[in-house]
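Visitor: Chain order of the listed sequences is Z and U.
Take the first sequence: its letters are residues 0 to 281, numbered as in numbering that gives the first Met the number 0.
Take the second sequence: its letters are residues 0 to 231, numbered as in numbering that gives the first Met the number 0.
Keep in mind that a hint or two might mislead.
[As the list claims (entries may be wrong)] Part of the chain Z face toward chain U, derived, beta carbon under 7 Å:
#, residue
1, Glu119
2, Val154
3, Thr172
4, Val191
5, Phe233
[To be verified] Stretches of chain Z that chain U covers, calculated by requiring three or more beta carbons in the stretch to come under 8 Å of a beta carbon on chain U:
#, stretch
6, 134-146
7, 208-215
Just so you know, these hints were derived from the structure itself, not from any lab.
Note that the Cβ used here is the ideal one computed from N, Cα and C, for glycine as well.
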Amino acid sequence: MTITIPVALLMLASLQQTDTTLAVPPSARLQLQNQTGSIKVTAWDRNEMRVRAEHGTRDQIEITVRGSVVEVDAQRRRGMPAFVDYEITVPRTMSLELSGQETEIAVEGVTGAIRAESVEGGVTIRGAGGPVEVHTVEGDIVIDGARGTVKVEGVEGDITLTNVGGDLTVETTDGDVTLENVDAANVEVSTVDGDVSYHGAIKDGGRYGFSAHSGDIVVGIPATVNAAVSVATFDGSFEADPAFKVQVTNVRPGRRFSFTLGSGAARVELESFDGTIRLERR
Amino acid sequence: MTGDQWTARLSDYVDGELAAAERDALERHLAGCPDCEQALADLRRVTMRARALADRPPERDLWPDIAARIGVGGVAPARARPLRWRRPFAVTMSQLAAAAGVLLMVGAGAMWLVVGPRGQPAGATGQPAAVAPGPSVGPAPAGAHQFAGSVAYAGAVADFQRVLDANRSRLDTSTVRVIEQSLRTIDRAIARAQAALAADPSDAYLNAHLAETMRWKLELMQRAVVLATRAS
Numbered sequence: 000m001t002i003t004i005p006v007a008l009l010m011l012a013s014l015q016q017t018d019t020t021l022a023v024p025p026s027a028r029l030q031l032q033n034q035t036g037s038i039k040v041t042a043w044d045r046n047e048m049r050v051r052a053e054h055g056t057r058d059q060i061e062i063t064v065r066g067s068v069v070e071v072d073a074q075r076r077r078g079m080p081a082f083v084d085y086e087i088t089v090p091r092t093m094s095l096e097l098s099g100q101e102t103e104i105a106v107e108g109v110t111g112a113i114r115a116e117s118v119e120g121g122v123t124i125r126g127a128g129g130p131v132e133v134h135t136v137e138g139d140i141v142i143d144g145a146r147g148t149v150k151v152e153g154v155e156g157d158i159t160l161t162n163v164g165g166d167l168t169v170e171t172t173d174g175d176v177t178l179e180n181v182d183a184a185n186v187e188v189s190t191v192d193g194d195v196s197y198h199g200a201i202k203d204g205g206r207y208g209f210s211a212h213s214g215d216i217v218v219g220i221p222a223t224v225n226a227a228v229s230v231a232t233f234d235g236s237f238e239a240d241p242a243f244k245v246q247v248t249n250v251r252p253g254r255r256f257s258f259t260l261g262s263g264a265a266r267v268e269l270e271s272f273d274g275t276i277r278l279e280r281r
Numbered sequence: 000m001t002g003d004q005w006t007a008r009l010s011d012y013v014d015g016e017l018a019a020a021e022r023d024a025l026e027r028h029l030a031g032c033p034d035c036e037q038a039l040a041d042l043r044r045v046t047m048r049a050r051a052l053a054d055r056p057p058e059r060d061l062w063p064d065i066a067a068r069i070g071v072g073g074v075a076p077a078r079a080r081p082l083r084w085r086r087p088f089a090v091t092m093s094q095l096a097a098a099a100g101v102l103l104m105v106g107a108g109a110m111w112l113v114v115g116p117r118g119q120p121a122g123a124t125g126q127p128a129a130v131a132p133g134p135s136v137g138p139a140p141a142g143a144h145q146f147a148g149s150v151a152y153a154g155a156v157a158d159f160q161r162v163l164d165a166n167r168s169r170l171d172t173s174t175v176r177v178i179e180q181s182l183r184t185i186d187r188a189i190a191r192a193q194a195a196l197a198a199d200p201s202d203a204y205l206n207a208h209l210a211e212t213m214r215w216k217l218e219l220m221q222r223a224v225v226l227a228t229r230a231s
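Please take these sequences and the hints and turn them into a complete structure.
Guide: Here you go:
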């Protein structure tokens, strides 16, 4: 069944504000696509969704409920809406599918699955409890406090993940990747032209892969870690904190070598075509 | 429904997943919308190509020869990076895995058999950490450097480039600039890896690195095509 809800409009100079609240099931999924502007989503402990939007006077915000899917869309009689800033409050467990062309996206406190895609604009997600998937072309990505799996694909822009606990997959072309205070069992990070920095756990049985073409890789881990470490570089170098007691000799171009720390229970792969690979004591 | 929304329905249309009423409405729209008609033609062409590739078996199992050379059993090992290379193929617009993903599954899968497993860590021992060289694979009959110059890879790149060129005006100029700059960055990385491999074609790391960089290039082109074809 499809229900389209007319929303109240409040005139404000040349801009217009929409503000409406509707009941939604906590397991509902929000789908929102924006052209230009911003999307900010926060969570509350109510089975209601509040949509506030600031937009042009010729634009109209339409909210459509199709089963468990809530679609929020801006419509203009002719052409695309020029600019819409959304502030939306959703049930904490609601799932989100957010996308935008020139749109900044920010989400906080949502425990449902989150998928965010912005072509031009950064994405910031804090306190996510479920799986998170983020795609950008141009824009920084910040994810803090995510407990579920995180998948990130960027093109240009820095990627910063802090205090995350689920499996991580990060890929980008031009940008640095920084991972701080990670407590994940499976981590895979790849960048073509950027540095990779990882400070976090190396769990027994876990797999950790870090690769770059033109970039340095810094991995900060406890000296007591149990890991089988594989290192590969063509024209780069490898350094390790003396605390790891790694003895590396005869590293030639194109050479891969490996060593074991402790029981070797985790697997760590470090690869940089022409950057420095450094193992730091955390 | 806007043109953008119609475009988003095209993959479902090709997959036969639209309800009758929606399918009829889309077909009426297609009759009067050259852009959507062109997008549909592109999608069908790439889809057919992908299906043909997906159904093509490997030309031969290279692993037994490689295994014999490096002195391990004849059973192909589990892949080192299942997250990246074991990508399911489905014919959808959003996965325009079409030329890209499928070609790379074929290419990378074959390359894996050539290259073999990544460097295996030395056995678990105490301190100091013993350093062991990676396995020597020996002369490889084929590898990423060959795939990079293959007709299949060039065809996939050309397909994506053609669709991108046709839809370039749909993308914001800043987005085009970023994508083109990133593709140049990737091309430089590919060129450097190829140059390194020319001197040492059997190097396992260089083969894997080149394959990964090529895969990433196709995935980026795929993303750009999806963005362009769904932009209004």
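Visitor: Next step is simple, just say for each hint if it's right about the structure.
Guide: Outcome of the hint check:
1. Glu119: Given a least distance of 6 Å, the restraint on Glu119 of chain Z holds.
2. Val154: holds, 5 Å
3. Thr172: With a minimum Cβ separation of about 4 Å from chain U (threshold 7 Å), the hint on Thr172 of chain Z holds.
4. Val191: With a minimum Cβ separation of about 5 Å from chain U (threshold 7 Å), the hint on Val191 of chain Z holds.
5. Phe233: holds, 5 Å
6. 134-146: As far as the stretch 134-146 of chain Z goes, the hint holds, because 3 residues have Cβ atoms under 8 Å from chain U.
7. 208-215: holds (count 4)
Checked against the numbered hints above, the structure violates none of them.
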